[in-house]
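Engineer: So you can see what is in the structure, the chains are spelled out below.
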Amino acid sequence: MTESVGAIASEGKPRPRKGEPEGGQTRRRSQEGLLEGIRKAGVTAMFFAQLLAACVPALSKPRLIIAQIYNAGARSLIIIMLSGLFTGMVLGLQGYDLLHRFGSEAALGTAVALSLLKELGPVLTALLFAGRAGTALTSEIGLMRATDQLTAMEVMAVDPLRYVAAPRFLGGLIAMPLLTAIFIVIGLFGAQLVGVQMMGVDRGIFWSQMQSAVALKDVTEGIVKSLVFGAVLSLIAVNEGYHTDPTAEGVGRATTRTVVASSVLTLLLDYVLTAVFL
Amino acid sequence: MADPQSTPQPSAETDTVIDVRDVHYAVDGRPIFAGLDIRVRRGLITAVMGPSGTGKTTLLRLITGQIYADRGRVSVFGREVGEMGRAEIYATRKRMGMLFQNGALLTDVDVFDNVAFPVREHTNLPEPLIRTLVLTKLEAVGLRGAAHLMPSELSGGMARRVALARAIVMDPEVLIYDEPFVGLDPISLGVILRLIKQMNEALGITSVVVSHDVHEIATIADYSYLLSEGKVVAAGTPAELAASDSATVRQFMTGGAEGPVPFHYPAADYASELLGEQA
Chain A
1 MTESVGAIAS EGKPRPRKGE PEGGQTRRRS QEGLLEGIRK AGVTAMFFAQ
51 LLAACVPALS KPRLIIAQIY NAGARSLIII MLSGLFTGMV LGLQGYDLLH
101 RFGSEAALGT AVALSLLKEL GPVLTALLFA GRAGTALTSE IGLMRATDQL
151 TAMEVMAVDP LRYVAAPRFL GGLIAMPLLT AIFIVIGLFG AQLVGVQMMG
201 VDRGIFWSQM QSAVALKDVT EGIVKSLVFG AVLSLIAVNE GYHTDPTAEG
251 VGRATTRTVV ASSVLTLLLD YVLTAVFL
Chain B
1 MADPQSTPQP SAETDTVIDV RDVHYAVDGR PIFAGLDIRV RRGLITAVMG
51 PSGTGKTTLL RLITGQIYAD RGRVSVFGRE VGEMGRAEIY ATRKRMGMLF
101 QNGALLTDVD VFDNVAFPVR EHTNLPEPLI RTLVLTKLEA VGLRGAAHLM
151 PSELSGGMAR RVALARAIVM DPEVLIYDEP FVGLDPISLG VILRLIKQMN
201 EALGITSVVV SHDVHEIATI ADYSYLLSEG KVVAAGTPAE LAASDSATVR
251 QFMTGGAEGP VPFHYPAADY ASELLGEQA
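Protein chains in written order, with this note's numbering: chain A, 1 to 278; chain B, 1 to 279.
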């Protein structure tokens with residue numbers, strides 16, 4: 001085949017054959033579905049390789065990457081901070097309620113910190129990132145595809161992978177750990193607000209228990225998770241936008257696929273990474 | 001990939017800029033081109049006309065190396081596109097400008113930055129020089145005053161003129177226009193028409209205009225190709241095409257509903273389908 005990766009992705013659907021027994025058709029359909037899945041995975045892997053190759057020259061234009069960190073990161077700050085605050089407050093409340101039953105309120109700081117650092121921080125930030133920044137990335141690149149902007153760049157001898165896709169991928173990759181860190185810090189503040197200020201857990205115990213129980217390994221786990229989520233979610237968003245059908249309906253479908261694939265993969269990868277770290 | 005039998009010899013005639021020879025191209029088994037032959041000569045305006053869906057835009061994608069012919073040769077500046085590596089294709093594209101049907105302006109930057117985009121990407125010129133260059137090109141299309149506007153603030157005709165300024169900012173040898181007249185009011189259409197002629201005469205740019213606006217294109221084209229069903233069905237000067245007695249040419253030039261290109265999409269018998277519906 002001589003077309004680019006994008007063209008391969010949009011090839012025709014399998015055609016039904018007449019006169020085939022129903023069971024055969026079902027089997028054939030599921031086989032074709034499986035092949036289609038494998039083909040899509042292959043196309044995504046090839047795109048990822050091309051994208052990584054394009055990231056090196058893209059570094060020569062840091063202005064574009066900074067703009068994308070602003071788009072994916074700074075513009076998601078409000079939603080991340082609000083979600084972090086309420087998540088922390090709920091953790092403080094639930095954690096206090098649970099620990100109080102065993103008379104171990106003193107462990108509240110540790111419990112909240114570990115939950116946020118290892119699990120809730122990276123995972124919830126990733127899910128919010130997919131809904132806020134991921135969809136924006138997909139629809140923006142998809143509309144650029146639909147309005148021939150990407151083709152125009154190609155014809156002007158400017159590689160859209162380098163100019164459009166790579167800075168957005170790098171921007172998402174860099175923004176995700178930063179957003180996660182902010183989510184965790186605000187979450188801790190929220191938990192402290194409820195646990196210490198409202199429920200009366202001793203402030204000194206709350207913080208000192210946290211300090212003594214949280215190890216560097218726990219922080220590393222959160223950082224690694226957020227980096228992996230950042231890479232995977234940015235790749236999904238950029239890939240879906242880049243290979244979208246150039247129609248209004250196509251952009252809509254691509255945006256939906258971004259959210260669905262990002263959410264499922266976040267939870268799946270979270271399990272895998274947790275299993276690796278434990 | 002390219003036809004293995006093809007040879008990298010340069011175009012037979014030195015004044016041929018784009019040479020399309022016996023090109024076959026199919027999408028999902030559906031043939032778009034079956035033996036297409038087109039030659040674009042230096043310094044002329046060559047029109048490629050044909051009914052919608054005859055693959056005019058596909059032809060432009062073949063010429064700019066975005067896709068490759070299944071069979072046959074597409075040569076640009078004497079080099080076959082199928083044999084070029086990525087770097088050479090990009091180098092060739094720098095010698096060409098293309099005007100897209102909808103302008104394809106970058107929507108997140110203003111008119112000035114749109115026109116400056118190729119210069120900033122391909123050169124290290126100082127900003128004052130880029131400014132002079134961009135304003136000169138914008139002046140040529142009459143939109144120097146609109147330099148600060150965003151693409152969303154432009155009318156269809158203005159967007160196309162900005163895109164034209166962007167297409168000529170790198171001083172290309174060949175300018176390719178994809179349906180430049182679609183959806184324009186008569187004034188904008190006249191402006192674009194004059195600009196195409198001006199670019200050709202004043203800058204000596206070889207032009208390829210893909211269009212189905214027969215009458216407009218006839219006023220400026222030096223040579224025209226009429227495509228139908230994947231082949232060139234007629235070629236000649238606008239006057240020669242107008243005088244043609246071929247049924248296909250006559251239907252296209254006069255806009256007849258019936259002729260070799262049928263008005264009705266192939267369907268079952270009308271009466272039996274209607275009665276069958278009621279039964």
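Hints may contain errors.
As the list claims (entries may be wrong) - Mimicking EDC-like on lysine to aspartate or glutamate, the simulated pairs with C-alpha atoms at most 16 Å apart in a straight line are:
(1) B:94 - B:121
(2) B:94 - A:270
(3) B:197 - B:229
(4) A:61 - B:121
These are computed hints drawn from the structure, not numbers from a lab.
Please read these numbers as outputs of a predicted model, since none were measured by experiment.
Engineer: Determine for every hint whether it applies to the structure shown.
Structural biologist: Results of checking the hints against the structure:
For the hint pairing residue 94 of chain B with residue 121 of chain B, the CA-to-CA distance comes to about 11 Å; that is within 16 Å, so the pair holds. A C-alpha spacing of about 46 Å is found between residue 94 of chain B and residue 270 of chain A, which places the hinted pair above 16 Å, so the restraint is violated. Distance hint between residue 197 of chain B and residue 229 of chain B is unfulfilled; the C-alpha atoms sit about 29 Å from each other, more than 16 Å. The straight-line distance between the Cα atoms of residue 61 of chain A and residue 121 of chain B is roughly 10 Å, inside the 16 Å bound, and the hint therefore holds.
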